[in-house]
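Protein chains: 2
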Amino acid sequence: MNNFELYNPTKIIFGKGEIQKIKNEIPKDAKVLMLFGGGSIKKNGIYEQVKDALGEYDWMEFGGIPPNPEYEVLLKALEVIKKENITYLLAVGGGSVIDGTKFLSSASLYKGDEPWDILAKKIKTDKGMPFGTVLTLPATGSEMNSGAVVTRKETQEKYGMGGPGLFPQFSILDPSVVSSIPERQIANGLADSFTHVLEQYMTYPVDAKLQDRFAESILSSILETAPLIMEDTSDYKSAANFMWNCTMALNGLIQKGVPNDWAIHAIGHELTAFYGIDHARTLAILTKSHYTYNLKSKQAKLAQCAERVFGITEGDEQEKAEQCIEAIEEFFLSLGIGTSLSSYTKEYEGTAQKIAERFTERGWTGIGEHGKLTPNDVEQIVEMSY
Amino acid sequence: MNNFELYNPTKIIFGKGEIQKIKNEIPKDAKVLMLFGGGSIKKNGIYEQVKDALGEYDWMEFGGIPPNPEYEVLLKALEVIKKENITYLLAVGGGSVIDGTKFLSSASLYKGDEPWDILAKKIKTDKGMPFGTVLTLPATGSEMNSGAVVTRKETQEKYGMGGPGLFPQFSILDPSVVSSIPERQIANGLADSFTHVLEQYMTYPVDAKLQDRFAESILSSILETAPLIMEDTSDYKSAANFMWNCTMALNGLIQKGVPNDWAIHAIGHELTAFYGIDHARTLAILTKSHYTYNLKSKQAKLAQCAERVFGITEGDEQEKAEQCIEAIEEFFLSLGIGTSLSSYTKEYEGTAQKIAERFTERGWTGIGEHGKLTPNDVEQIVEMSY
Numbered sequence: 011m012n013n014f015e016l017y018n019p020t021k022i023i024f025g026k027g028e029i030q031k032i033k034n035e036i037p038k039d040a041k042v043l044m045l046f047g048g049g050s051i052k053k054n055g056i057y058e059q060v061k062d063a064l065g066e067y068d069w070m071e072f073g074g075i076p077p078n079p080e081y082e083v084l085l086k087a088l089e090v091i092k093k094e095n096i097t098y099l100l101a102v103g104g105g106s107v108i109d110g111t112k113f114l115s116s117a118s119l120y121k122g123d124e125p126w127d128i129l130a131k132k133i134k135t136d137k138g139m140p141f142g143t144v145l146t147l148p149a150t151g152s153e154m155n156s157g158a159v160v161t162r163k164e165t166q167e168k169y170g171m172g173g174p175g176l177f178p179q180f181s182i183l184d185p186s187v188v189s190s191i192p193e194r195q196i197a198n199g200l201a202d203s204f205t206h207v208l209e210q211y212m213t214y215p216v217d218a219k220l221q222d223r224f225a226e227s228i229l230s231s232i233l234e235t236a237p238l239i240m241e242d243t244s245d246y247k248s249a250a251n252f253m254w255n256c257t258m259a260l261n262g263l264i265q266k267g268v269p270n271d272w273a274i275h276a277i278g279h280e281l282t283a284f285y286g287i288d289h290a291r292t293l294a295i296l297t298k299s300h301y302t303y304n305l306k307s308k309q310a311k312l313a314q315c316a317e318r319v320f321g322i323t324e325g326d327e328q329e330k331a332e333q334c335i336e337a338i339e340e341f342f343l344s345l346g347i348g349t350s351l352s353s354y355t356k357e358y359e360g361t362a363q364k365i366a367e368r369f370t371e372r373g374w375t376g377i378g379e380h381g382k383l384t385p386n387d388v389e390q391i392v393e394m395s396y
Numbered sequence: 011m012n013n014f015e016l017y018n019p020t021k022i023i024f025g026k027g028e029i030q031k032i033k034n035e036i037p038k039d040a041k042v043l044m045l046f047g048g049g050s051i052k053k054n055g056i057y058e059q060v061k062d063a064l065g066e067y068d069w070m071e072f073g074g075i076p077p078n079p080e081y082e083v084l085l086k087a088l089e090v091i092k093k094e095n096i097t098y099l100l101a102v103g104g105g106s107v108i109d110g111t112k113f114l115s116s117a118s119l120y121k122g123d124e125p126w127d128i129l130a131k132k133i134k135t136d137k138g139m140p141f142g143t144v145l146t147l148p149a150t151g152s153e154m155n156s157g158a159v160v161t162r163k164e165t166q167e168k169y170g171m172g173g174p175g176l177f178p179q180f181s182i183l184d185p186s187v188v189s190s191i192p193e194r195q196i197a198n199g200l201a202d203s204f205t206h207v208l209e210q211y212m213t214y215p216v217d218a219k220l221q222d223r224f225a226e227s228i229l230s231s232i233l234e235t236a237p238l239i240m241e242d243t244s245d246y247k248s249a250a251n252f253m254w255n256c257t258m259a260l261n262g263l264i265q266k267g268v269p270n271d272w273a274i275h276a277i278g279h280e281l282t283a284f285y286g287i288d289h290a291r292t293l294a295i296l297t298k299s300h301y302t303y304n305l306k307s308k309q310a311k312l313a314q315c316a317e318r319v320f321g322i323t324e325g326d327e328q329e330k331a332e333q334c335i336e337a338i339e340e341f342f343l344s345l346g347i348g349t350s351l352s353s354y355t356k357e358y359e360g361t362a363q364k365i366a367e368r369f370t371e372r373g374w375t376g377i378g379e380h381g382k383l384t385p386n387d388v389e390q391i392v393e394m395s396y
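Top line first, the protein sequences correspond to chains A and B.
Going letter by letter, the first sequence gives residues 11 to 396 in the working numbering.
Going letter by letter, the second sequence gives residues 11 to 396 in the working numbering.
Hint data in this document are derived by calculation from the structure and do not stem from the laboratory.
There's no promise every hint is true.
Because identical chains cannot be distinguished in the list, a pair is counted as satisfied if it fits within a single copy or across any two copies.
Claimed, not checked - Below 16 Å or equal to it, Euclidean Cα-Cα: the simulated EDC-like pairs (lysine to aspartate or glutamate) are:
no.	residue 1	residue 2
1	33	15
2	31	15
3	298	39
4	26	15
Take these sequences, add in the hints, and give me the full structure.
The structure is reproduced here in structure tokens:
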């Protein structure tokens with residue numbers, strides 16, 4: 011097991027009817043800005059519940075944060091925060107709204123001239139404006155971690171950011187919200203959380219027995235929950251399992267003490283930046299080719315996953331590893347998620363080269379758990395995913 | 011899944027050579043009281059490491075906190091804290107030292123006349139004096155939770171306490187410390203952590219898929235690690251797994267959203283109070299009789315554990331459940347831990363009645379996950395354990 015530090019002060023409030031507890035968590039003298047996305051919360055009743063809970067506060071709202079939260083839109087919210095002397099942010103939404111709120115938490119206390127530097131220069135945020143979240147779309151785990159991803163439309167760039175100052179102070183997870191989520195987004199949440207676990211697990215063994223078993227637990231639980239929640243989003247029990255799986259998949263716990271990969275995400279972000287493909291679907295596009303290209307270095311863990319998660323008992327280690335890759339692809343396909351780039355865009359030619367060039371420009375010369383995947387490797391992985 | 015709240019702000023610093031990081035965590039202007047037990051830390055080098063890390067601080071020490079931390083001893087430490095205007099506590103030890111430090115954290119800010127009331131009247135601690143820990147004996151999980159157990163020798167009483175103000179600010183877990191722990195205490199740590207998981211898992215199903223799988227992961231990991239660390243305490247890899255298993259077994263995560271039992275602990279504390287039997291061993295004494303007595307209500311989870319943890323595939327649900335109870339007993343015996351009260355004391359006659367009377371006096375008329383075990387049930391469970 012590698013040395014690690016684990017710190018996660020986010021308070022999770024989980025369950026039916028808990029949105030009203032917002033008022034126990036936000037200081038009474040706060041000036042609150044509620045942030046949300048395209049307005050679905052006004053149709054499914056969540057907006058009203060939040061409004062009721064905020065009853066006695068001095069609060070305002072800022073809607074319209076788009077999927078893959080855009081820097082340009084966030085700058086408008088930042089203006090509101092500064093002009094109105096906002097002191098507390100409340101994200102009501104999925105990963106995009108929460109990630110956007112994290113950027114705003116950081117940017118509103120940022121002393122530099124250009125907030126874009128927080129992203130472009132990877133400035134770690136040690137202190138942000140306090141914020142809480144009401145999760146409406148399980149997927150990214152952003153409700154219980156300190157990372158965020160922000161997109162800049164004009165330059166087709168998508169960058170990560172984070173720091174110990176960016177944990178939500180609280181997150182309310184009411185699984186009832188799942189009943190109104192469209193099937194496409196349920197599928198995305200399942201694929202996204204599944205791949206989050208893979209990025210932290212499918213590397214090489216370091217005899218971290220519990221981390222391995224926890225990761226396998228989340229994978230198994232997602233596989234078990236997926237058909238149930240895809241069949242009936244109003245099944246509360248499955249919604250609760252779906253929601254808790256997604257949070258635990260990326261709240262920092264399973265990544266501690268073990269090598270991490272994150273190459274699929276690094277490459278996938280480019281597919282979203284270029285083509286606007288849903289984040290989760292970019293991951294499904296790249297997983298098979300990444301694991302096949304790096305079969306040798308990932309073989310031991312792929313075979314372990316084959317046995318413990320998919321119950322595959324036949325074959326030697328390499329054969330089990332190959333069957334694991336197939337089983338993962340089958341899972342994505344079972345969700346109605348295409349696993350090749352060509353199923354999303356006809357203009358895929360040249361994508362591999364463009365991404366490799368970008369990585370070279372940025373000096374990303376070694377990604378993956380060994381830090382050894384070059385832009386040339388990345389080019390081949392993307393080509394294999396056409 | 012039941013509604014739940016999860017909050018755990020303790021920062022874990024895990025790994026070889028990390029004790030020196032104490033100085034990154036304690037404020038420079040703190041006046042520190044270092045607390046420890048019987049002095050084994052002066053033999054195994056940990057005292058020196060802590061002393062080096064505290065180099066520039068204004069600090070004092072208080073040694074001699076005994077196993078099952080005694081109220082009388084803690085009161086002496088409390089005097090020192092008040093007289094010397096201590097502002098930060100540093101527990102260097104196992105569960106007893108850390109639990110004692112939690113009591114002191116609470117008592118040093120307590121406004122009432124009689125600190126014993128914190129225990130006897132179950133006063134929740136919302137704010138305590140800040141403290142950190144250096145764990146030297148993996149077992150109780152106290153390094154990452156907000157609970158403690160304190161004993162009062164003169165009245166043979168053992169009480170729990172806790173509250174959100176009693177999380178360590180940081181805990182340093184260096185698995186190297188395991189190499190100097192006597193076999194008896196390694197065995198205790200394995201049995202203690204195993205039973206902690208059981209208390210949070212062996213109840214009745216509420217379709218909490220991930221909580222179940224996480225609990226099973228810890229049980230499996232303990233079973234896998236036990237023979238390795240019993241064989242060779244200087245095996246760092248196994249020491250690291252042992253240590254992380256113990257922490258995760260009782261840091262609050264797996265108990266959220268599911269029913270909890272804790273009857274074994276409630277009864278076991280009495281065996282320690284009466285006979286001074288090691289805490290972990292009292293749990294091993296009671297587990298089989300408790301599960302056998304309550305077989306029907308626990309059968310589904312016992313059978314699930316049989317299948318997933320012990321690989322038992324033969325028999326119907328009841329038969330699997332019974333085999334699970336046998337397998338758990340075999341595990342305790344494999345550690346050299348006796349599973350009947352008579353293997354610890356010859357004066358066991360009347361114990362069941364004495365414990366039942368105490369529970370009646372305290373008004374504990376319904377313990378266990380259903381809140382339905384009466385003092386009469388407790389009496390029968392203890393009798394079955396003779």
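Exercise for review: Give the relationship of residue 26 and residue 15 under a CA distance limit of 16 Å: within one copy only, between copies only, both, or neither.
Suggested key: between (33 Å within a copy, 12 Å between copies)
Point to revise | Within, between, both or neither, where residue 31 and residue 15 count as close if Cα-Cα is 16 Å or less | key: between (30 Å within a copy, 11 Å between copies)
Exercise for review: Pop the pair residue 298 and residue 39 into one bin, within, between, both or neither, using alpha-carbon distances up to 16 Å.
Suggested key: neither (51 Å within a copy, 54 Å between copies)
Practice item. State whether the alpha carbon distance between residue 33 and residue 15 is at most 16 Å within one copy, between copies, both, or neither. Key: between (32 Å within a copy, 15 Å between copies)
The structure shown violates just one earlier hint, number 3.
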